[in-house]
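J.: Chain residues, written in single-letter form:
Number of protein chains: 2
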Amino acid sequence: MIERLAIVGVGLIGGSLALALREAGLVGEVVGAGRGVANLELARERGIVDRFTTDPAAAVARADMVVVGVTLGATAAVLETIAPALAPNAVVTDVGSVKGNVVAAARAALGARLAAFVPGHPIAGTEQSGAGAAFATLYRGHKVILTPLAETAPEALERVRAMWAATGARVVEMAVDAHDAALAATSHLPHLLAYNLVDQLAARDDAERIFEFAAGGFRDFTRIASSNPELWADIALANKAALLTACRDFASAFAGLVAALQADDAERLRTAFARAKAARDRCVVPESNHRE
Amino acid sequence: MIERLAIVGVGLIGGSLALALREAGLVGEVVGAGRGVANLELARERGIVDRFTTDPAAAVARADMVVVGVTLGATAAVLETIAPALAPNAVVTDVGSVKGNVVAAARAALGARLAAFVPGHPIAGTEQSGAGAAFATLYRGHKVILTPLAETAPEALERVRAMWAATGARVVEMAVDAHDAALAATSHLPHLLAYNLVDQLAARDDAERIFEFAAGGFRDFTRIASSNPELWADIALANKAALLTACRDFASAFAGLVAALQADDAERLRTAFARAKAARDRCVVPESNHRE
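Chains as they are written, first to last, in our numbering: chain A, 1 to 292; chain B, 1 to 292.
Hints listed in this document are in silico derivations from the structure and should not be mistaken for laboratory results. Do not take every clue at face value.
The list treats identical chains as interchangeable, and a pair is accepted whether it falls inside one copy or across any two copies.
With a straight-line Cα cutoff of 20 Å, these simulated EDC-like cross-link-like pairs (lysine to aspartate or glutamate) come out [what the hints assert, rightly or not]:
no. : residue 1 : residue 2
1   : 240       : 264
2   : 240       : 267
3   : 143       : 220
Full structure from sequences and hints, please.
T.: This is the structure we're talking about:
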């Protein structure tokens, strides 16, 4: 049971978490904080938060659970602001898509309270954002990755794990570096590839014609190129080292495939395509009702 | 009205065309040809064809419409086989995803009958194949691209156009080169990228873990990597020149994006992502009930 939950950044992610915990009857008061008053008012109207403030430090006062749900670029500043105001029994977690830079910010900002910080990343979302898009079942059946540090207190980890489990999510643990490498390869790199393909095609003289004849495969392949540009530039830069590695690995393998095409090496193309099909058919979970 | 329709290669594409024409009441007899007798028997059981033969030349005898529905790699041989057997009033079309190499094969095989040949490409399909996967509404609302040659007889073009229009498809015309460049950019290159990403990730030591945490974006992005490997190696090689150009354009633009990431150039990333999102949101048609 969470007595007082503080959500700093009441968007799709933080808002859906609050709704899920309310539905589970596991939270007392919910206090929202953020910069956009209209969004916070909507969150109150929708029953996501009981009250709100634009001051993150005020929001976390006497809260036993603090969820930082802001963008990666804003996380360090929020951690610095809330650090002096945290209650003695407070546990702090975040929802960032990259963990290395959040952990660095937490080390710098939280000092002795680092033990109370549990880095987290719910693998869920839609293309919508803001409190208006939040819904209680967003996390049901989805994974939430926690990347606890050597310093993380076992009790803090357990409380964050229990919170996410109550939303219907499957909670797993990973090392910070392994998380960032895995997400670079399966999420951040595909976004870069999709953005690059669409941007490059859009610059052609025959762009309209090109897009006009695009089929369903192209639509699915480029769906993630409709994601929020500022958010994804933020994520790419926050995970720069792992993403650069993923980009180089991809470009090098792709150059090999292009060389095979150039050399009319049908066997090499067939073998690579068949390996990929087998891996995808075996490993990628079938479509669910949820997106992302 | 088609008196006798010959379908050489009674798979998803040719079979669905026959079913749609039957439903529209626009075809008399349908004769199927192919190499797999079990598939041809299934086509007869399902009412797709009235009778079948394993000899393409026998199938086209006295047919006024001949549809070559075999793979790109088999098209040249089929055209050579049927050329001497074509009826004087026969019109011939194909369904290949690449047009340049089909046109070259037709020029070599058909001689004086080239005027009766109308290169075609229905932009429709599913991940299934074979006569068992055929259904009458496959083409409804989808585009069919025809790439008539200077030599193509206007009457032949008109008969093929009317046939496809009767299936509910929207028939458009393009030049051969423009078709192959557009399909390289929006279909063949994305397949190569998706195959490459999955194959490269599958080769990693942590592949299982990586795939386990892949979210919906990855699933959509890589859906086309579950396509038939032999078919797609065939398509890539058949459209080699245009595909190599598309690959080089992509790789060069991608290197620019990676350089921006390396240089922490947030503005350049945001601008490219925003251009891509705007182009996709404006130009890519929303999801329909049909796939591909």
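J.: Against each hint, give a clear statement of whether it holds in the structure.
T.: Results for each hint:
1. For the homomeric pair residue 240 and residue 264, the shortest alpha-carbon distance between copies (8 Å) is at most 20 Å, but the shortest distance inside one copy (36 Å) is not.
2. For a Cα distance limit of 20 Å, the shortest separation of residue 240 from residue 267 across copies, 15 Å, qualifies, whereas the shortest one inside one copy, 36 Å, does not.
3. For the homomeric pair residue 143 and residue 220, the shortest alpha-carbon distance between copies (18 Å) is at most 20 Å, but the shortest distance inside one copy (22 Å) is not.
The earlier numbered hints are all upheld by this structure, with none contradicted.
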